[in-house]
Amino acid sequence: MTPPERQTAASGRDDPRVRWFPVAAVALAAAIALLAGPPLVVFALIEVMVFALFATALNLVLSYSGMVSFGHAVYFGIAVYGMALTITRLGWPLWAGMLAGPVTSAVFALVFGAFCVQLTAIYAAMLTLACSEVTFAVIFQWFELTRGETGISGFVPPMLGLAPGVYGLIVLAVVSASILALWRIVYSPLGLTIRAVGQNPARAAALGHSRRTVQLIAFVISGFFSGVAGTLFGAFHGNVFPDYLGTLITVNGLVMVLLGGLYNFAAGIYGAVLFKILDNLLAHYFQYWQVAIGVILMGVILVSPRGIGGAIQWLARRLPGAQR
Amino acid sequence: MLLQQVLQGLMEGVTLFLIASGLTLIFGVSRIVNFAHGSFYMLGAFLAYQLHSRVWPGTVGGFFLAIFLGALAVAALGVLFEHQVLRRVYHAEELMQLVITVGLVLIVEDAVRFVWGQNDVTVPLPDALLGAAVVGKTYFPFYQLAIVAVGMVVLAAMWLALRYTRAGIVLRAATDDRGMVALLGINQGTVFTSVFGVGSFLAGLAGGLSVAFESVNFLLDSRIIVAAFIVVVIGGLGNLYGALLGALAVGVVKALGLLWAPRLSMVLIFLVMAAVLMTRRLRGGVE
Chain C
218 MTPPERQTAA SGRDDPRVRW FPVAAVALAA AIALLAGPPL VVFALIEVMV
268 FALFATALNL VLSYSGMVSF GHAVYFGIAV YGMALTITRL GWPLWAGMLA
318 GPVTSAVFAL VFGAFCVQLT AIYAAMLTLA CSEVTFAVIF QWFELTRGET
368 GISGFVPPML GLAPGVYGLI VLAVVSASIL ALWRIVYSPL GLTIRAVGQN
418 PARAAALGHS RRTVQLIAFV ISGFFSGVAG TLFGAFHGNV FPDYLGTLIT
468 VNGLVMVLLG GLYNFAAGIY GAVLFKILDN LLAHYFQYWQ VAIGVILMGV
518 ILVSPRGIGG AIQWLARRLP GAQR
Chain B
15 MLLQQVLQGL MEGVTLFLIA SGLTLIFGVS RIVNFAHGSF YMLGAFLAYQ
65 LHSRVWPGTV GGFFLAIFLG ALAVAALGVL FEHQVLRRVY HAEELMQLVI
115 TVGLVLIVED AVRFVWGQND VTVPLPDALL GAAVVGKTYF PFYQLAIVAV
165 GMVVLAAMWL ALRYTRAGIV LRAATDDRGM VALLGINQGT VFTSVFGVGS
215 FLAGLAGGLS VAFESVNFLL DSRIIVAAFI VVVIGGLGNL YGALLGALAV
265 GVVKALGLLW APRLSMVLIF LVMAAVLMTR RLRGGVE
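Here the protein sequences line up with chains C and B, keeping their order.
According to my numbering, the stretch in the first sequence is residues 218 to 541, in order.
According to my numbering, the stretch in the second sequence is residues 15 to 301, in order.
Just so you know, these hints were derived from the structure itself, not from any lab.
Even for Gly, the Cβ is constructed at its ideal location relative to N, Cα and C.
It cannot be assumed that every hint is accurate.
As the list claims (entries may be wrong) - Cβ pair distances, simulated, as ranges:
1. D134(B) to E361(C): 44 to 52 angstroms
2. L273(B) to S405(C): 50 to 58 angstroms
3. F227(B) to P375(C): 52 to 60 angstroms
4. R45(B) to L465(C): 25 to 33 angstroms
5. E361(C) to G182(B): 55 to 63 angstroms
6. R68(B) to F503(C): 30 to 38 angstroms
7. R534(C) to V167(B): 55 to 63 angstroms
8. G378(C) to D134(B): 41 to 49 angstroms
9. F227(B) to A253(C): 52 to 60 angstroms
Bound-form chain B, shown alone (with noise of 0.2 angstroms):
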């Protein structure tokens, strides 16, 4: 039981992952804290509802497609609000940067309600991950397994690219010091506009990997966005591997929460972050 509630949070903190990169990788660089991620990752979890019948239905193969879709048109959204909106802000202060990214999250909202309605969706998981590995008296279900594989796929693919590529070494450098990279020549616009594509993506890609085991509606972003929040506060803004490090501990604690205290699990999350923040502050790390 408690190794399957792990598990069970290990799946979530993936996820949580995802979502909690893109957020982290465009405070770093861009210094906007993005509350439209929320949105993009349930537009992605309604793309991939929307794609599942399309694209191979009822294979493995499809059902991770349409996910992998669904997330490459979110990234298209959110460069395409980067390039039109977002670009006019970057001058101004911290709160007028925020407001239009909430804008943006009462203007999804609707838009989602009036697509696809007010109830759940939900999108049947393929034969092949029905099943669970039995180990001694434990389940672990194939799903769980397979998105926690996922995960960690993008995840090696994010620490290579970011250490070996050339756009990797950019948006590291950027985010320790964007000024210099643009004294390097390098056009400080196209950084900007990728990284938010490339985080608009691993959220669009986090939500498409929760239509297995979340309730998709269009209350999702409102629920995810503070969830993501949680972790990156406690990895740190900007910080890749704090927010791997958070949003596993988020994603245990809660599961575990579940187990013993399902009602306060949310609560719990919060005390852990007020925590690690105070904590921190006595280390002088926040301010």
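Looking at chain C on its own, in the form it has when it is part of the complex (with noise of 0.2 angstroms):
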């Protein structure tokens, strides 16, 4: 039993077209919904929204670097901290915050990536998971900066004091726009180069790309776009707390991806939208609800082991008249 070549989105088909049509009427249904729809819809879609982009960043680490980030939620809740104390502490404006959130992410990923890239392999994922539970630790305890427990509130009416559907359009703009931008990223010859890495570090070091920095470069856009979506989640809540960069984010990010299908770039967006959906439907008539998770799971790697995104593009390439 010798171990498999690395397979990854690139063995897969790789077109770097963006389809706009699905975008486009994905997009229009998701605006749709959040200007007609109840608050209790509007309200799911927003959080479906910003944990599509935490996904798909943590998805750019799990499918394409070849690295596994067992704690990414930090990058997603220190842009919270990052984007209430420069509001808070240094009185600045509201979209100056909203900026300091994700460059926040970006400079920690900068500095614990240099460490975990250092590292191949379940190595380099504990030290992730180090780096995590150590800024966790740290924010818990440090109560004149962070009120620990407390929490953070009042840096910002939450969402921004807008009307929630408005707040949607606001989140559904910079989720997609980012979104976007991942996948020109993943198709440009930077994302070349980062997959490249990911599934042959030696033939990538033979071309001359050097495994660390390459990583570490994919590690901190992945950082600065999960800051994105944790200052889109602070901004709607309009508060913060250490949970914000608890274990439980970083579970659901994985699970979601995982979901979703690795080695495919739509993965998050799949993956928190049956997420969510599994989350509200079977919590609430079903306690037990965690079950059904690690059933699809499994299910899904026995079954189909490239996920539902998977399992769509197969059946869009069975469709009548689908493109080979």
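Reassemble the complex: the two chains are provided individually, in unrelated frames, and hints are given to aid placement.
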């Protein structure tokens, strides 16, 4: 039983064109739901969009760069602290604080990533976990700065003080732009290098690409966009707690990507939608809904290892008139 | 006080070693990063709770027999899981294998909540283990000494089995080069299944022993699996003796951390791990 050749997205379809029609259709449907839907739907949709961006950013690391991150919630939550603290402590205006959020995440990703890329495989993954646990502990204990468990609120009115639908549209715009930017990155020359390193570091090295540098770049990009998601989440709720960078966010992000299907760019989107549906529907009627997620995860791997994304692609290829 | 904490640390270290040794054995042979190992540990604890009132309740023998039987049941579950599910994904990528084991984690966690509820369960220690040996001014509780002793016995048995039995030789050979072992005509499936069974047994045993000092509830799995991975990573994946050193170090650091900086003891352990990883990298050991 020899280890298999690493397969990644590039081994399937490798088409950098954005298929604008489905993208526009989904965005339009979301916009209509945001403006016309009842508040509960709007709130659920905003969370789905935020986590779709977070999971897509995490997926850049998982599916393309060949790293595993067990501590990605840090780059989600620290952005909200960055925003909250620059606004409350430094008196920055709202727009500057919201820019400071993702930048904070990118800086943390740069510092932690610099350590993590020194290692590979499970060792690197454990180091990402260590970074996140230590950051969580510091945030939790440093009461004078972060107010610990109490959290910080009031640095921004919930949903920026806008109507839910309007804030939803802002989230839709930012999330769509960010995901398209990530798409462009994955299919740029830089993205090609990232994928090369993820698939075969030795061959990439022979072409002159340092694994560490390339993985660090991917990690920082992922951290930045995780921070964008975190900032949107923080502005949505108008508060921040240590739990924003806790294990649960990390695990949910991972589960979303895995449900959506590794090595598929849209995994984060599919996964976030399915996860929210399962969370909302099953959790209401069925206390033990983790079982369902567990069974689905196992089933996905055994039946369709590429997750929902893989299944959708498989179907699309078999539709009449599909381009091969 | 200090010595007492060290003994407490050694006791936790011994159970940590038992669970980590299973993890590292499984990885060494089948290259599976088994996240469900913490779930096996938790099941071991709950099964010991379920069984302790059935077999000679209140006696030391019954206490350990319940733990042993629980561990056997966990081993059976492990074998079933390996044979029915994991076997299908040995050829898949690491991440896929990881997802399968995470799926089992979620299922077991909810199953435990369903069967035993959300609250802590406690197993009363047999009277004979409640006392303490007094040396000077230091108290050494009997149950801690007993757990350390059981750990020593298992460790000795493992060492003897690995060194002198045929199965042990096959296992060591498979850790070195499993392709070569297959070429020698040894059935790989059997090796993988038995190693997984032994590993699960060790996890169940560790979990059963933990009822003496842990609060046993459905969150036990996530608490322990992180610690077990830290131990394995410190020791080096697949390295049994490294896991022993790592487990004792983590146990003692955690116990001493509780003495001096109670809220930071887990952070301390993560920092130790990070330091070990970074220094090992400088010597070129982890890539």
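Going through the hints against the structure:
no. : hint                                   : verdict
1   : D134(B) to E361(C): 44 to 52 angstroms : violated (34 angstroms)
2   : L273(B) to S405(C): 50 to 58 angstroms : holds (53 angstroms)
3   : F227(B) to P375(C): 52 to 60 angstroms : violated (44 angstroms)
4   : R45(B) to L465(C): 25 to 33 angstroms  : holds (29 angstroms)
5   : E361(C) to G182(B): 55 to 63 angstroms : holds (56 angstroms)
6   : R68(B) to F503(C): 30 to 38 angstroms  : holds (32 angstroms)
7   : R534(C) to V167(B): 55 to 63 angstroms : holds (59 angstroms)
8   : G378(C) to D134(B): 41 to 49 angstroms : holds (44 angstroms)
9   : F227(B) to A253(C): 52 to 60 angstroms : holds (57 angstroms)
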